[in-house]
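*Asks:* Sequence:
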Amino acid sequence: MQSGYPTLSIFKQGDLMVIANVGDSRVVLGTASDNAITLSSSSST
1 MQSGYPTLSI
11 FKQGDLMVIA
21 NVGDSRVVLG
31 TASDNAITLS
41 SSSST
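Using the UniProt record's numbering, the letters of the sequence shown map in sequence onto residues 1 to 45.
I should point out that these hints are in silico values taken from the structure, not numbers from a laboratory. Possibly wrong hints are sitting among the right ones.
[Said to hold, decoys possible] Between beta-carbon pairs, the in silico distance windows are:
{"#": "1", "residue 1": "Ser3", "residue 2": "Ser33", "range": "33 to 41 Å"}
{"#": "2", "residue 1": "Asn35", "residue 2": "Gln2", "range": "34 to 42 Å"}
{"#": "3", "residue 1": "Tyr5", "residue 2": "Gly30", "range": "32 to 40 Å"}
{"#": "4", "residue 1": "Leu8", "residue 2": "Asn35", "range": "16 to 24 Å"}
{"#": "5", "residue 1": "Gly4", "residue 2": "Val28", "range": "18 to 26 Å"}
{"#": "6", "residue 1": "Ser33", "residue 2": "Ser9", "range": "22 to 30 Å"}
{"#": "7", "residue 1": "Ser3", "residue 2": "Asp34", "range": "32 to 40 Å"}
{"#": "8", "residue 1": "Thr31", "residue 2": "Leu8", "range": "16 to 24 Å"}
{"#": "9", "residue 1": "Ile10", "residue 2": "Asp34", "range": "19 to 27 Å"}
{"#": "10", "residue 1": "Ser33", "residue 2": "Gln2", "range": "34 to 42 Å"}
As the structure is a prediction and not an experimental result, all values here were calculated from the model. C-beta: ideal position from N, C-alpha, C; glycine also.
Make the full structure from the sequences, and use the hints.
*Replies:* Set out below in structure tokens:
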């Protein structure tokens, strides 16, 4: 079994948002309404 640490980084300045993720983590942007936007995707190897 391999183990590690997933990492998420989010940088926001004004209208610009830069998102990076490594590992088995996902980024989801929540909104004031009931809509959520998935900002990352999964890939399988």
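*Asks:* If a hint holds in the structure, say so; if it does not, say that too.
*Replies:* Hint check results:
1. In this structure, Ser3 and Ser33 meet the distance hint of 33 to 41 Å, their C-beta atoms being roughly 38 Å apart.
2. Remark: the range hint 34 to 42 Å for Asn35 to Gln2 is upheld by a beta-carbon distance near 35 Å.
3. Evaluation of the 32 to 40 Å hint for Tyr5 and Gly30 yields a failure: the beta carbon distance comes to about 23 Å.
4. A hinted range of 16 to 24 Å holds for the C-beta pair Leu8 and Asn35, which are about 21 Å apart.
5. For Gly4 and Val28, the Cβ-Cβ distance of about 21 Å falls inside the hinted range of 18 to 26 Å, so the restraint holds.
6. Under the hint 22 to 30 Å, the C-beta atoms of Ser33 and Ser9, about 26 Å apart, fit the expected range.
7. One distance hint, 32 to 40 Å for the beta-carbon pair Ser3 and Asp34, holds here, with the actual separation near 35 Å.
8. In this structure the hint that Thr31 and Leu8 lie 16 to 24 Å apart at CB holds, the actual value being about 18 Å.
9. Ile10 and Asp34 have their C-beta atoms about 22 Å apart, which keeps the hinted 19 to 27 Å range intact.
10. In this structure the supplied range 34 to 42 Å holds for Ser33 paired with Gln2, their Cβ-Cβ distance being about 39 Å.
Violated hint for the displayed structure: number 3, the only one.
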